[in-house]
Amino acid sequence: MSLSLLGTVAGCGSTASSAKTNTGGSASSGKTLTVGYIDDFTGPLGIYGKQDFNGAKLAVQQFNASGGLNGTKIKLVSADAKTSQSEAVTQMRNMIYNQHIKFIMNGLDSAECVAMGKLAAQTKTVFTSFCGADNFVVKDGNPWSFRIVNMGAKTQSYSAAAYAHQHFPNKKRWYLIANDYSFGRQAVSIFEQRMKQLEPDVQFVGTSYVPLNATDYTPYITAILQKHPDAIFDAWANGIPFWKQAAPYHLSQKIQIVGGYWGGTNELAFLSKSEVPVGAIVGGIPWYGIHNKANTTFVNDFKSAFGKYPQSSNYFAYMSAEGLLQAMKKANSTDPAKVRQALSTLTMNTPIGKLTMDPWDNQGVAPYFLGVVSWDAKANQGRDINIVPVNTTSFMPTKAQVAASRKS
Amino acid sequence: MFLFLLASGLSLIFGVSRTLNLAHGSLYMLAAYLSFTFTHMGAHNLWGFVAAIAASAVIVMGVGTVMEVTVLRRVYESGELYIALVTYAVILLVESLVKYVWGSGLLSVPLPDFLNNNVLVFGVPVPRYNLILIALGIVVAVCLWRLIYHTRWGLNLRAAAMDREMAAALGLNEKRLFTTVFLLGSLLAGLGGALAAPLISLDPSMDANIIIQVFAVVVIGGLGSLVGSLVAALLVGILEAFGVLAFPGLSLSLVFIVMAVVLIVRPWGLFGREEA
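If you read the sequences in order, they're chains E and R.
For the first sequence, this note's numbering assigns the number 81 to the initial residue and increments by one for each residue that follows.
For the second sequence, this note's numbering assigns the number 4 to the initial residue and increments by one for each residue that follows.
If you're looking for bench data, these hints aren't it; they were derived computationally from the structure.
Think of the CB as a built atom: it goes at the ideal place given N, C-alpha and C, for glycine as much as any other residue.
Treat the hints with caution; some may be incorrect.
[Unchecked claim] The calculated label-pair distances, taken between Cβ atoms and stated as ranges, are: (1) 250(E) to 96(R): 50 to 58 angstroms; (2) 40(R) to 353(E): 16 to 24 angstroms; (3) 460(E) to 95(R): 34 to 42 angstroms; (4) 359(E) to 276(R): 48 to 56 angstroms; (5) 333(E) to 237(R): 27 to 35 angstroms; (6) 250(E) to 95(R): 53 to 61 angstroms; (7) 333(E) to 53(R): 27 to 35 angstroms; (8) 53(R) to 460(E): 20 to 28 angstroms; (9) 267(R) to 481(E): 45 to 53 angstroms; (10) 65(R) to 245(E): 54 to 62 angstroms; (11) 69(R) to 409(E): 50 to 58 angstroms; (12) 253(E) to 83(R): 48 to 56 angstroms.
Work out the full structure: start from the sequences and follow the hints.
Following this line, the structure appears as structure tokens:
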């Protein structure tokens, strides 16, 4: 009994990925190339990990189904970072040193991607992430780290600020609220700076950072109401509790809410009619609101493969994987150095439009979407309407800005 | 209110059986997920919602009781370490079960429209559901007080909490008492989870999120003290509410600062008993 108990404990929290690999990254004659995928399958951001992975899996499935690269197919192996920077780096080390993987993908966590990016540079591993930390590609960027989808804090906050400036120029008193983690604080800070640039007379009457695991949002909602702002800027890892607890106060009808995070469009599907924040502005990638052939194909393929419609982060993972695979095709090689070169100047068509890589920070430029929340009676869920595609080109740092940032 | 329900259950269990049930948060989580299933089976109106809450709490009460009879009863005499290991194993089992049945993604329990509105209290909007939770908390507190201080069972419980060996020597059926305490504690945890579900999103890590706060409440109030759980839960709620308004930079740590002060000044908690 005691030994079995100890065995249970010893098995707890086991971290090693037991995935087997057939080939390393540079083999061009092998039939399979192993690509690693490290994301948060457990922990506070675990709600995204598994669903994100589906996007990457679809891209790989399609690549392999079309014959791969000169007969070489991709094998995707995953590992759980457990929403922990140290665990993410541990898993990456395991993939690089024990499994000899030379191409690794990562998900959302801003703390993880920066640390993993540094390891990628040290080990000359091609590393892609769609994390929200802008310093991943700017200040701490390096030639081996790529953010193919530029859905970072700057893109989202700048988009929110641009929307607010255009549509709500008379709203001068803003309350800022976000989850207390890396992306939340960056989003608030960037929004503040940008709004000050666009409207020097804007005032920020209050700021709240809500713990990631908070269950009671009433104190924060009360704090907002006490300040009587004209508008609220919000940025969440998971905004569902906020929307649910704000609903009885009719907050979105009383005060204009402008979202600076891409999860907003996803979350509407989880809310009942009385909970949906009608009138709020939320961002993301609304699958139902992008009308082009590539998106229609992607949505249909995703639904066929996984039985549900894609969420924003599915797009990010899909496009990240797709970018890596297209770079291999462009380089006509699985040699990491050649793929890296090809990826840094890649242009590709994606479900959300044309994506072009900026080679000075290895960041892709693609549109972002904002819309007004409404209740869709036919779909029986909340959805964005009046969706606006935001051109994010002007939000991107210039070559000189990136160089200056890396020197400082 | 949820903290009070969970903390009182945990305190009751510890007070009698000296068992720190690490899996208490798992019972809370299980009830929340069960309420998701029941509300999506068609419990859209108010009475359906109430039935879903009640059913979830009762099922979790049963799960907790089974856990006590089949698992914990065998390790009571083995010491705190084994109890901790066993309840940790239960945490992992429940998490795996939740992921297997409901998946790893976010889920949401809808609140009936009638409850998703506010009432003006002295001119201040207060969510209707929150008022019901407060009222329910008072009812539960009164019922627990009556049960513990005005019934034979409560007398036995207090006797066992005071001196387990003497109570057993006087003929008290220890096994039955532990089981009934666990049953009550699990019911309270289940009720807390089912009632909390409409206000939050469900995910497989929600047990870990709540248990840390519950431990803080129990430490502040005193392990084994029902009054302590009530007062500490109120105190924690007030600290969080006013901390956000008055000390936004400190609001995250205010509760734990208070916990640290209590541990230094009165390590047995505000209403706990000093160990001899």
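Evaluation of the provided hints:
Separated by about 56 angstroms at the C-beta atoms, residue 250(E) and residue 96(R) satisfy the suggested range of 50 to 58 angstroms. At about 20 angstroms, the CB distance of residue 40(R) to residue 353(E) agrees with the hint of 16 to 24 angstroms. Judged by the Cβ atoms, the range 34 to 42 angstroms given for residue 460(E) and residue 95(R) holds: they are separated by roughly 37 angstroms. At about 54 angstroms, the beta-carbon gap between residue 359(E) and residue 276(R) stays in the expected band of 48 to 56 angstroms.
Take residue 333(E) and residue 237(R): their Cβ atoms lie about 32 angstroms apart, and the range 27 to 35 angstroms holds. Checked against the given bound of 53 to 61 angstroms, the beta carbons of residue 250(E) and residue 95(R), roughly 54 angstroms apart, stay inside it. Between residue 333(E) and residue 53(R) the Cβ separation comes to about 28 angstroms, which falls inside the hinted range of 27 to 35 angstroms. A hinted range of 20 to 28 angstroms holds for the C-beta pair residue 53(R) and residue 460(E), which are about 24 angstroms apart.
Separation of residue 267(R) from residue 481(E) is about 51 angstroms and conforms to the stated range, judged on CB atoms against 45 to 53 angstroms. Restraint check, residue 65(R) to residue 245(E): a C-beta distance of roughly 57 angstroms satisfies the suggested window 54 to 62 angstroms. Against the hinted window of 50 to 58 angstroms, the Cβ-Cβ separation of residue 69(R) and residue 409(E) comes to about 57 angstroms, which satisfies the hint. Taken as a hint, the range 48 to 56 angstroms holds for the pair residue 253(E) and residue 83(R), whose Cβ atoms sit roughly 54 angstroms apart.
Hint violations for this structure: none, all hints satisfied.
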